[in-house]
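K.L.:
Using the hints provided, position chain W with the ligands relative to the given structure of chain V.
So the chains spell out like this:
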Amino acid sequence: MDKLLFQIWRGDAGSGAVQDYYTNVSEGMVVLDAIHQIQAEQANDLAVRWNCKAGKCGSCSAEINGMPKLMCMTRLSDLPSGQAVLVKPMKAFPLIKDLVTDVSWNYKVKKQIKKFKPRAPDAKDGTWRMYQEDIDRVQEFRKCIECYLCQNVCHVLREHELYDKFIGPRFLIYAASLEMHPLDTEDRLGELKESHGIGFCNITKCCTKVCPESIAITDNGIIPLKERVVDRYFDPLRKFVRWILRKK
Amino acid sequence: MATYDIHNYDVLVIGAGGAGLRAAIEASAQGVSVALICKSLLGKAHTVMAEGGVAAALSNVDERDNWKVHFTDTLRGGQYLNNWRMAEIHAKEAPDRVRELEAWGALFDRTTDGKILQRNFGGHKYPRLAHVGDRTGLEMIRTLQDHSIHQGIDVHMECTVTCLFKNNGRISGALAYGRDRGNFKLFNAKSIILATGGIGRAFKVTSNSWEYTGDGQALAYDAGAELIDMEFVQFHPTGMVWPPSVKGILVTEGVRGEGGILLNKQNRRFMFDDIPELYRNQTADNPEEGWRYTQGDKNARRPPELLTRDHVARCIVREIKEGRGSPHNGVFLDISWISDKLNNAEDHIRKKLPSMYHQFKKLADIDITKEPMEVGPTTHYCMGGVRVNADTQMSNIPGLFAAGEAAAGLHGANRLGGNSLSDLLVFGKRAGEYAAKFAKENSQENINDEDVRAQISKTLAPFERTNGENPFQLQYDLQEMMQNLVGIVRTQEELLQAKEELSKLRSRYRNVSIIGNREYNAGWHTSLDLANLLIVSQAVNMAAIERKESRGAHYREDFPNKDPQSGTYNLVIYKDSNGEMQIRKEVIPEIRNDLKQIIEEMK
Ligand SMILES: Cc1cc2nc3c(=O)[nH]c(=O)nc-3n(C[C@H](O)[C@H](O)[C@H](O)COP(=O)(O)OP(=O)(O)OC[C@H]3O[C@@H](n4cnc5c(N)ncnc54)[C@H](O)[C@@H]3O)c2cc1C
Ligand code: SF4
Ligand code: SF4
Ligand code: FES
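Protein chains in written order, with numbering that gives the first Met the number 0: chain V, 0 to 247; chain W, 0 to 602.
In case anyone wonders, no lab produced these hints; they're calculated from the structure. Note that the structure is predicted; figures quoted are calculated from it, not measured. Some clues are possibly wrong.
In silico lysine-lysine, BS3-like type, Cα no more than 27 Å apart, as pairs [stated by the list, open to error]:
id : chain 1 : residue 1 : chain 2 : residue 2
1  : W       : Lys184    : V       : Lys107
2  : W       : Lys91     : W       : Lys436
3  : V       : Lys208    : W       : Lys361
4  : V       : Lys208    : W       : Lys351
5  : V       : Lys208    : W       : Lys350
6  : V       : Lys116    : V       : Lys192
7  : V       : Lys90     : W       : Lys361
8  : V       : Lys114    : W       : Lys114
9  : V       : Lys204    : V       : Lys113
10 : V       : Lys87     : W       : Lys360
11 : V       : Lys2      : W       : Lys203
12 : V       : Lys164    : V       : Lys192
13 : W       : Lys360    : V       : Lys2
14 : V       : Lys204    : V       : Lys164
15 : W       : Lys360    : V       : Lys204
16 : W       : Lys203    : W       : Lys361
17 : W       : Lys369    : W       : Lys264
18 : V       : Lys204    : W       : Lys361
19 : V       : Lys110    : W       : Lys184
20 : W       : Lys67     : V       : Lys123
21 : W       : Lys246    : V       : Lys2
22 : V       : Lys113    : V       : Lys192
23 : V       : Lys123    : W       : Lys91
24 : V       : Lys2      : W       : Lys361
25 : V       : Lys123    : W       : Lys114
26 : W       : Lys114    : V       : Lys116
27 : W       : Lys320    : W       : Lys561
28 : V       : Lys192    : V       : Lys114
29 : W       : Lys584    : W       : Lys574
30 : V       : Lys204    : W       : Lys350
31 : W       : Lys114    : W       : Lys351
32 : V       : Lys87     : W       : Lys361
33 : V       : Lys208    : W       : Lys360
34 : W       : Lys547    : W       : Lys320
35 : V       : Lys110    : V       : Lys204
36 : W       : Lys297    : W       : Lys350
With the rest of the complex left out, here is chain V:
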């Protein structure tokens, strides 16, 4: 078996540094396996989050050789062969310890988005009728596993730290999944423009590039939402029409 060097960030909010660990690697291994092995054999108190080990829960986000990824879906064979693997926590969130960050901000943001409000049921038995083609788009957004990798790379959050002005790509597609839900009757465009700060997104598409679920966050979610906001608030002709309608 070959030994490989893993450079893992160790420390807490106060202080820390990258530490070297050598561990045996074998065919098919993913980064998370190596981290677990190191934890079991050399560093019992190493902090790392995981649950499913199959890219389904979004717990194991980290920066591997500087790239935001799920540790459980990153195979060692996909990294430069024989070279040290650098594993660091997500940068955009406050550190708790080692590879674990405080992502509670995301949970607070979600609460601020108006909840789902369905129209009255279509059938007497209280059920609705929807067709597959009408829900394909929203199902795409609902694939999100809340790994927050997109939040981690968005420069509005990562560099400009506008946490109180911008909800980030994860919650823009969450809002999109509600706005485009065939049954939903709520209106979130006002908040999207104001408190959710959709205008801060300048469509760099960094979020889409890192999404492990391959959700077309920008093209299918954010851009159509932006269009809706623009149509409502900035299109002069529509504004005029709405004004006329309101007068009637």
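P.N.:
Leaving out everything else, chain W with the ligands in the frame of chain V:
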């Protein structure tokens, strides 16, 4: 001495998977104060991993389906050890619970006439599983989570409960620690719901995450509650086997539901070789009929790949043992063959089984639309758990409730796929409702400061020791032992050997030591989880020794047949007044006449 914070609630829900979330939503709807605690972040519980679907007789795809058929399927699958009242409630209420999710925003795949689509699954007579591709659990947990955050429920995430308190025979609260800082929290509560999930981490090859250490079962047992059916551990027939690092990761039964077939290395569809008597009338006798069944032909019978999990798992073990397995000690599961039958097969597979496609492509370099997968059994689900009242979900301790995988009764000797997600919804709701009712009718029982302090010292004891056992090594040794001696095929000799080994592991456990401090310390967390794993492993082993027959998921090589007499009771595990684990047989109450008639009619 460590300090602790105090929190007061009417209802405390431990566990935030489907069962816990549904319970919390219901309890808060009844107007009581509710806290929800979970070991991981919210939305990451096991429920998120469920793939295939949620079983409910909606009869959207086959109008012949109804609660009666679902009820009989569940009992047949459980080999009649089920709590029949639970099976009745479950079959009747599952459709409403699924529809309710739609009212909260869930988007299930659709039929052509715009209703919720349902798919075939093992042991279900008609297509019954509402699903979203192969990520149904994600849809379910997200819907419940997103609904719950607007209900005024207090969530304590990354917070682990280490013990329950009682006073005057009633439940009074729970002690927990925050994973991030290792700080202690005392929860005073009038009623408590355990929704902590399963015990799969007791075995080496498992589809279960680090969370599944049997906490709820062990907490309940320690507090004096009874456990039931612990001998029945479900080994799912299809887990990944290669590469080694992914061994155990689940391959959904949905693959077989969509037409996937099992082959040995001689390319033989070995499932046709052994069809149990109980299912002979319902099973196809040739591949053509089986294919037609998966494609919705109502006159066709199910292919043998869709027999119950216990049976399929054993057939696979037989093939491997007799030298007909695949290169990495599994068998082949092939869905790519359907390209013989469908023109757009590759797209179809990607659309119906996207996460399986992704999982194999990413982790095993296999394109499932073009080549077969290699699969083998993996520890998956615990039919046993806390013994509860069928209607209220209350245990034998007043004020202590359990729901979901942590509770037992519904599934008997073997769970049907899809019956867990529906179980969570139906009995999660009921637990929430009755726990709220209990909280309204009862006052808060007292908890002594001394008792809390004693528990805290116990929790911190591993820090006091140096150079003791490594908790990870100990957990590994336990898993290895359970896998080898208490696994899919069991014998008296090995079970007795396991008993010895367990007692050795328990003494080693008393010498576990921890490095580092209390902040997010994985070693410490693992050492505390180990105490629970040791209790549930002992319970599984004790019940497995006691049941001298083969039934459902419990297979004894030395007693390979069903024994009619053993089919009349459940095994109950409890702690005696000396703190020793005891077991007793409890006769299953006679089934109600109307239900008996239904079973007769469906034969
Ligand atoms: C890969 C996979 C696929 C599956 N597919 C299907 C399927 O298609 N259909 C189906 O019906 N079933 C399926 N199952 C089974 C089903 O998903 C589970 O049985 C079910 O989700 C369990 O739900 P639960 O609410 O009981 O517990 P979980 O969802 O496991 O939640 C348990 C909760 O308890 C918390 N907890 C545990 N211990 C403590 C403690 N000490 N203190 C505080 N909190 C604690 C955990 O943090 C977690 O929040 C599948 C299971 C797996 C593993
Ligand atoms: S596209 Fe918008 S949301 Fe996505 S990373 Fe760029 S700025 Fe952020
Ligand atoms: S949108 Fe993609 S990257 Fe963002 S949280 Fe969801 S799954 Fe992760
Ligand atoms: S552990 Fe679940 S996504 Fe990595």
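K.L.:
Against this structure, judge whether each hint is valid.
P.N.:
These are the hints, each one checked on the structure:
1. W:Lys184 to V:Lys107: holds (22 Å)
2. W:Lys91 to W:Lys436: holds (22 Å)
3. V:Lys208 to W:Lys361: Roughly 17 Å between the alpha carbons, so the hint for lysine 208 of chain V and lysine 361 of chain W holds.
4. V:Lys208 to W:Lys351: Given that 27 Å is the threshold and the Cα spacing comes to 24 Å, the pair holds.
5. V:Lys208 to W:Lys350: holds (22 Å)
6. V:Lys116 to V:Lys192: Status holds; Cα separation ~20 Å.
7. V:Lys90 to W:Lys361: Since the Cα atoms of lysine 90 of chain V and lysine 361 of chain W sit roughly 26 Å apart, the hinted pair holds (cutoff 27 Å).
8. V:Lys114 to W:Lys114: It holds: about 23 Å lies between the C-alpha atoms, which stays within 27 Å.
9. V:Lys204 to V:Lys113: At roughly 25 Å apart (the allowed maximum being 27 Å), lysine 113 of chain V and lysine 204 of chain V satisfy the hint.
10. V:Lys87 to W:Lys360: Within the cut-off at roughly 26 Å; holds.
11. V:Lys2 to W:Lys203: holds (24 Å)
12. V:Lys164 to V:Lys192: holds (10 Å)
13. W:Lys360 to V:Lys2: Distance ~26 Å between lysine 360 of chain W and lysine 2 of chain V Cα, so the pair holds.
14. V:Lys204 to V:Lys164: Status holds; Cα separation ~19 Å.
15. W:Lys360 to V:Lys204: holds (25 Å)
16. W:Lys203 to W:Lys361: Holds, because 23 Å separates the two Cα atoms, which is no more than 27 Å.
17. W:Lys369 to W:Lys264: Holds: lysine 369 of chain W and lysine 264 of chain W sit about 17 Å apart, inside 27 Å.
18. V:Lys204 to W:Lys361: holds (23 Å)
19. V:Lys110 to W:Lys184: holds (25 Å)
20. W:Lys67 to V:Lys123: holds (23 Å)
21. W:Lys246 to V:Lys2: Status holds; Cα separation ~21 Å.
22. V:Lys113 to V:Lys192: The given pair, whose Cα atoms are some 14 Å apart, holds under the 27 Å limit.
23. V:Lys123 to W:Lys91: Within the cut-off at roughly 19 Å; holds.
24. V:Lys2 to W:Lys361: holds (23 Å)
25. V:Lys123 to W:Lys114: holds (14 Å)
26. W:Lys114 to V:Lys116: holds (19 Å)
27. W:Lys320 to W:Lys561: Status holds; Cα separation ~22 Å.
28. V:Lys192 to V:Lys114: holds (17 Å)
29. W:Lys584 to W:Lys574: Given pair lysine 584 of chain W, lysine 574 of chain W holds - Cα atoms ~15 Å apart, limit 27 Å.
30. V:Lys204 to W:Lys350: holds (25 Å)
31. W:Lys114 to W:Lys351: holds (17 Å)
32. V:Lys87 to W:Lys361: holds (22 Å)
33. V:Lys208 to W:Lys360: holds (19 Å)
34. W:Lys547 to W:Lys320: holds (23 Å)
35. V:Lys110 to V:Lys204: holds (25 Å)
36. W:Lys297 to W:Lys350: Roughly 23 Å separates the two Cα atoms, so the pair holds.
Checked against the numbered hints given earlier, this structure breaks none of them.
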